[in-house]
Amino acid sequence: MTENDKRKWRAGFVLALLIITFSLIFMAVLYQRQDGQRVVILIDGKATAEYDLSVNRTVTIRTADGGENVLTIQDGSCYMKEANCPDHICVREGHIHRKGQSIICLPHHLVIQIEGGKEAEVDAVVR
Amino acid sequence: MKLKVSQMGLLLSVALILSYIESVIPFNFGIPGMKLGLPNLAVVLTLYLFGWKEALLINLTRILLSGFMFGNMAGILFSLAGAAVSFLSMLAARKTGIFDLCGVSICGGVTHNIGQILIAVYVVRTAGIMYYLPVLLIAGVITGALNGMIAMRTEPYLKKMQRRA
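Residue numbers (my numbering), protein chains in the order written: chain W, 15 to 141; chain S, 82 to 246.
Excised from the complex, chain W in its bound form (with noise of 0.2 Å):
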């Protein structure tokens, strides 16, 4: 290995590192939200329904090209059950319950997201 070699070697690996720890300090951030109130359903970006997230509920949503996905709330949090969708992704997401977290069926173009409470729009108020 010429010093040229492993000079190109370094770029590399620091490229690596720094996109590593720049998502880890992301994902850090992330995780630290609290638990969010209300799930919202979005088809084409539009919220089409809304649900409280400690209310145990099943719902199935149709979206307009056939796609059928039955949601489950259950204990503050809710997880894609079942999916007529060719690839199932949005089933294998899991649980999800802090605010901003999200499932996608893209074949479906639906999102179902995390929400706080109503009033939570403003963190204070100054008077």
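Hints are computed from structural coordinates only; laboratory data are not their basis.
Where is the CB? At the ideal position from N, CA and C, for every residue including glycine.
Heads up, some of the hints might be wrong.
Claimed, not checked - Mimicking DSS-like on lysine-lysine, the simulated pairs with C-alpha atoms at most 25 Å apart in a straight line are:
1) K22(W) with K176(S)
2) K240(S) with K176(S)
3) K22(W) with K85(S)
4) K176(S) with K20(W)
5) K20(W) with K240(S)
6) K241(S) with K134(S)
To be verified - Ranges between beta-carbon positions, derived for each pair:
7) R112(W) with K241(S): 50 to 58 Å
8) M154(S) with N98(W): 12 to 20 Å
9) K83(S) with T16(W): 34 to 42 Å
10) F36(W) with A208(S): 13 to 21 Å
11) G114(W) with I157(S): 30 to 38 Å
12) R112(W) with L141(S): 37 to 45 Å
13) L38(W) with T235(S): 40 to 48 Å
14) S87(S) with G108(W): 22 to 30 Å
15) T74(W) with L158(S): 26 to 34 Å
We have chain W; now place chain S onto it with these hints.
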């Protein structure tokens, strides 16, 4: 000329076999846009053995062929988006001369995943799914580095055979 055609054909078939292996191994862990990126191995090798035009040709044909064989129309569009972003950044990374084959492959892996999540954001029209970005970036680094290491080990042998022929 004949020799080049046959060598390109071999590289394309390697890309297709790797696409098939990739479609059999479920590696996405429930995260849309996450892929092993094995076929990129053939693309990176073509880039270093022949040049960017040949690599582009291999890239396009392997996406179309593997899409029709193992996927669907939506899958082809997604792959094209990811591959376009990844291919351009690999070319740029190679042009700078800072990185070796492995570094270029890491750039390709990471930007492929970025391209796919951007298309996903466009399809579902919800920016909230950028939440997946950190996981995708780390996955891109790992798969890109693995591919790059394999390509780095194979490239000298292929080059030798290419010269001898």
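Against the structure, the hints come out as follows:
1. K22(W) with K176(S): Judged against 25 Å, a Cα distance of about 13 Å means the pair holds.
2. K240(S) with K176(S): OK: K240(S) and K176(S) at ~20 Å, within 25 Å.
3. K22(W) with K85(S): Not OK: K22(W) and K85(S) at ~29 Å, beyond 25 Å, violated.
4. K176(S) with K20(W): Status holds; Cα separation ~18 Å.
5. K20(W) with K240(S): Holds. K20(W) to K240(S) sits at ~21 Å (cutoff 25 Å).
6. K241(S) with K134(S): holds (21 Å)
7. R112(W) with K241(S): 50 to 58 Å: About 53 Å separates the Cβ atoms of R112(W) and K241(S), which means 50 to 58 Å holds.
8. M154(S) with N98(W): 12 to 20 Å: holds (18 Å)
9. K83(S) with T16(W): 34 to 42 Å: The hinted range 34 to 42 Å holds for K83(S) and T16(W), with Cβ atoms some 35 Å apart.
10. F36(W) with A208(S): 13 to 21 Å: holds (19 Å)
11. G114(W) with I157(S): 30 to 38 Å: Given range 30 to 38 Å: holds, Cβ gap about 31 Å.
12. R112(W) with L141(S): 37 to 45 Å: holds (40 Å)
13. L38(W) with T235(S): 40 to 48 Å: violated (31 Å)
14. S87(S) with G108(W): 22 to 30 Å: Cβ of S87(S) to Cβ of G108(W): about 47 Å, so the range 22 to 30 Å is violated.
15. T74(W) with L158(S): 26 to 34 Å: Holds - the Cβ-Cβ distance for T74(W) and L158(S), about 28 Å, lies within 26 to 34 Å.
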